[in-house]
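> The lines below spell out each chain.
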Amino acid sequence: MRWFARFASLFRNLSHKQEHEQELDQEVSSYLDLLTEEKIRDGMAPDAARRAARLELGGVEQVKEQVRDVRVGIWLETLLQDIRYGARVLRNNPGFSLLVVLTLALGIGANTAIFSVVYGVLLRPLPYSHGGQLVVAHQHTLGQSADIPFSYKEVLDYREQTKTLDAVVEYHSMYFLLLGDDSAERVRTAVVSANFFDVLGVKPLLGRTFLASDESQNADAVLVLSYQYWQSHQGGDANIVGKVFHMNNRPHTVIGVLPPVPQYPAENDVYMPTSQCPFRSAQTFMANRRNRMMTVFGRLKPGVPLPTAQADLSMIASRVESANPDVYPKADGYGVAVAPLREDLARRARTTLLVLLGAAAFVLLIACANVANLMLARLLKRERELAVRSALGATRARLVRQLLTETVLLSLTGGILGLELAYPTLTLLVKFAARFTTRANEVRIDGVVLAFTLGVSVLSGLLFGFAPALSSRQRVSDALKQGDGQATSGRGRQSLRAGLVVLQIAVSFVLLIGAGLMIRSFEKLLSVDPGFSPERVLSLNLSPNFSRYTESAQFVALGDNILRNVRAVGGVESAALASNFPFSPMALTSGPGSVNFDIEGRPVSSGDLQPRVDANGVSSGYFETLRQPLLRGRAFTDHDDANAMKVAIINNSMALHRFASEDPVGKRISFDSGKTWITIAGVVGDAREYGLERTVSDEVYLPADQAGFGGSLLVRTTVDPMSITPLIRKALHDVDPQLAVDQVETLEYLQHESLASPRITTILLGIFAGLALLISASGIAGIMALTVSQRTRELGIRMALGQSKSSVVRMVVRQGLIVALAGTALGLIGAMILARLLSSLLYATSPTDISTFAAVSLLFIVVAGLACFVPARRVTTIDPFIALRQE
Amino acid sequence: MAPEQTPLLQGTLDLLILKSLALQEMHGLGIARRVGQITSETFQVKPGSLFPALHRMEQEGWLTSTWGESENNRRAKYYRLTKAGRRQLETETERWGRISLAIAQALETP
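Same order as they appear, the protein sequences are chains A and B. For the first sequence, the working numbering begins at 1 and goes up steadily by one. For the second sequence, the working numbering begins at 1 and goes up steadily by one.
Calculated directly from the structure, the hints in this document are not laboratory data. Keep in mind that the hints are not guaranteed to be accurate.
[Said to hold, decoys possible] Computed cross-link-like contacts, PhoX-like style, restricted to lysine-lysine with a CA-CA straight-line distance of at most 25 angstroms: (1) A:K730 with A:K667; (2) A:K301 with A:K163; (3) B:K77 with A:K39; (4) B:K77 with A:K64; (5) B:K83 with B:K19; (6) A:K203 with A:K153; (7) B:K46 with A:K39; (8) B:K77 with A:K17; (9) A:K64 with A:K39; (10) B:K46 with A:K64; (11) A:K153 with A:K39; (12) B:K19 with B:K46.
Start from the sequences and build out the full structure, keeping to the hints where you can.
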């Protein structure tokens, strides 16, 4: 009942506001009349009675305001009123409003875009029903990458011995040929344990996923298709289950299709059980503990925390280590690490994304400080308006609320515009993030991101609104007494403004140092000599139908035919086959491999690390094609075949590292503990095969005919390489129509691509820093201009008393520069502390690189000087007489 | 002439207004004077507190108001108790009785 009454009043109050106001007015004036009458009755003269009545009543407006304050829904009404009033104020100052909204839109837009990527990649839970419990295991040894794949025997060890994981599943991915009648299609195939999908918690869209029986040695071959592959290559055929494909010389039956979920750790076309992969299921592969190629996932048992699982796996690792001392010598420091899948998928993106988010937040902070300064300047002109309102009964809280409503109105408008800006940039950012993580596909602007944008908008509105609002003058009478446009700001506000500018300069200095360091590091990357010449070299990936080539002699013949045919194409200067080549996307992600070897006459004592090296099988013409210089000995020829003496060529790093004072040519090494010895025939220069930023590792090149077929074809051309790809494709088709050819790229493009992520990070940080500098410079210029216009009289007096114009300008500029220098000094300290966070993104550049710091400081002083000088020059236009007369 | 004035306790004003209106409808000044009269001028209600209280109580549904003529033919807004207002007066009276009794007891305790 009471609530109903209140609600009815709320409705009445809001809908009949006008009547209400009139009635209140009449009621108060009738009270005044009655009071006057009473006093006249008591014997007072009419004039005196009216005055006394007024005194007794107190301020008419104040009484009315007090009544308004108890009205139901007063807050809503005031809010609407504030918004209406605020909107009017902002509309009346379109220039100011536009400047503020645009500044904020840039800041909020940048934050929204980067946050949506951060959320999608780093924070959003995995879209699987067991997502939170999924973990990845990584094996590591001392001095090796922390990501050694698992061998079959190792998978078994962990699967059988773990007490903390519900299940241990393996995964690896290969390309196989999916054969039609006259076509060969390369499909990316994930080879997984039968319970892989159950562990992840993925239910099929069509059919079923794998059963334990599918993984037994003599089961019929089955395939599960990914949703994307089913849609793009099978036309979303609803009757696909039961369809038979040929793969690896066996019929494979489709048993199911996955739902459209992101695939981890990578997007694959089809899935097969481990027993069907000819490499994985080979007895020779399974028997050797050193044959490693699988990734291992697990699911934590309910309630088991990660550290417990880590302790469990570490214990298994030490048992495995002591049971197989030949495979894991004590000195190797073998161990295993377990990490949540969600973190693991994004670990390469983490630093970059957080740095960018921090930079975006800094830009917004600067924008807020700048807007706060603009608000302060404008408040000066509104001093009288506010004073009048408070004389009419507005409380201080009410005025503060009014100002905050205006600023939040501005920031929300900026937020909406920022969202508009964030949408188009998101596509670019997703492409960027895709270089680090498969989860980039999950980036989108959703409810969480919208909530973030809303929160950031409101927060920044409050942030840049509070300082000005709280500094609004308390003494009404002072403000009212002042003449129009003559309001000078108090000391407190002056220093608040200066403080805001110092903050802006400091923060933009930090950003500029960050961008400067990235640019410096990128410059160094660009000037790195790759050790070969990528111009006019084409790379192609070849996949023969492995089931038709069983003997190594067949591969040798295939390689010979390919090279003969391709070398005969017009415009081809040289061609070579290789198992790996510089900047190949695979090489860039996986990094150098590592195999143990022995040097003849240098037995490894039991406490020492076995020497390791990255091995690459290359055909004749490889070094010639890449123009990788031969330093000693000879290159491979067509005579280095299976029947000839086993030879190898090593790179300069390995020569210096292993044969410092001796001539390596003629020395022998072995990859099978001395059963066969390979003679070093030559030394070539170092090539940065695994990325310009990676230090060159020791490298052994083996002749393709002795090491096995390499699937990459490299062609140096005399013409534009892309122009002759059809001819090369035809030459390859002539060798074998079932030879699948893809990933046709020039090495120049691959080199360019290999630098894409540092390049984009540098560009983004550069944009943020440039934006920050621009905003700060306008901040300095703004405060200077205001100072000059406020001090016109004082400066006029100075000039009238004989101070020269130039010395007045100098005085004003000096004051601006003091603020700028204080900001720079603060920024210098901040940069020293924060730049360290960048160090993992920097190449051959110290986070406290002197030249960067010097250059940025210089740039800052020049920009700050200009920003001070331009407004200060207005001093020269002051006419002392006019300035003195101004009142 | 003016006796010692006591600041109004929180909630007391409502009770006094309800009580003043118990017998007949009245305009604002009438209520103010009536409160002074029934409390022997101990409480004097200022318009700054009277009007907000009247409007609040009207919104609570305890009072209704109509425009009418004063004794000297002046337009004035008259307030009257509603049923809910009478119930509120009873509850408030009872509550006040309890409070004053409790306070009196507390003060008598040696």
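> Now tell me, hint by hint, if it's right for this structure.
Now the hints, each set against the structure:
no. : hint               : in the structure
1   : A:K730 with A:K667 : 42 angstroms, violated
2   : A:K301 with A:K163 : 9 angstroms, holds
3   : B:K77 with A:K39   : 20 angstroms, holds
4   : B:K77 with A:K64   : 15 angstroms, holds
5   : B:K83 with B:K19   : 14 angstroms, holds
6   : A:K203 with A:K153 : 29 angstroms, violated
7   : B:K46 with A:K39   : 16 angstroms, holds
8   : B:K77 with A:K17   : 18 angstroms, holds
9   : A:K64 with A:K39   : 23 angstroms, holds
10  : B:K46 with A:K64   : 13 angstroms, holds
11  : A:K153 with A:K39  : 108 angstroms, violated
12  : B:K19 with B:K46   : 17 angstroms, holds
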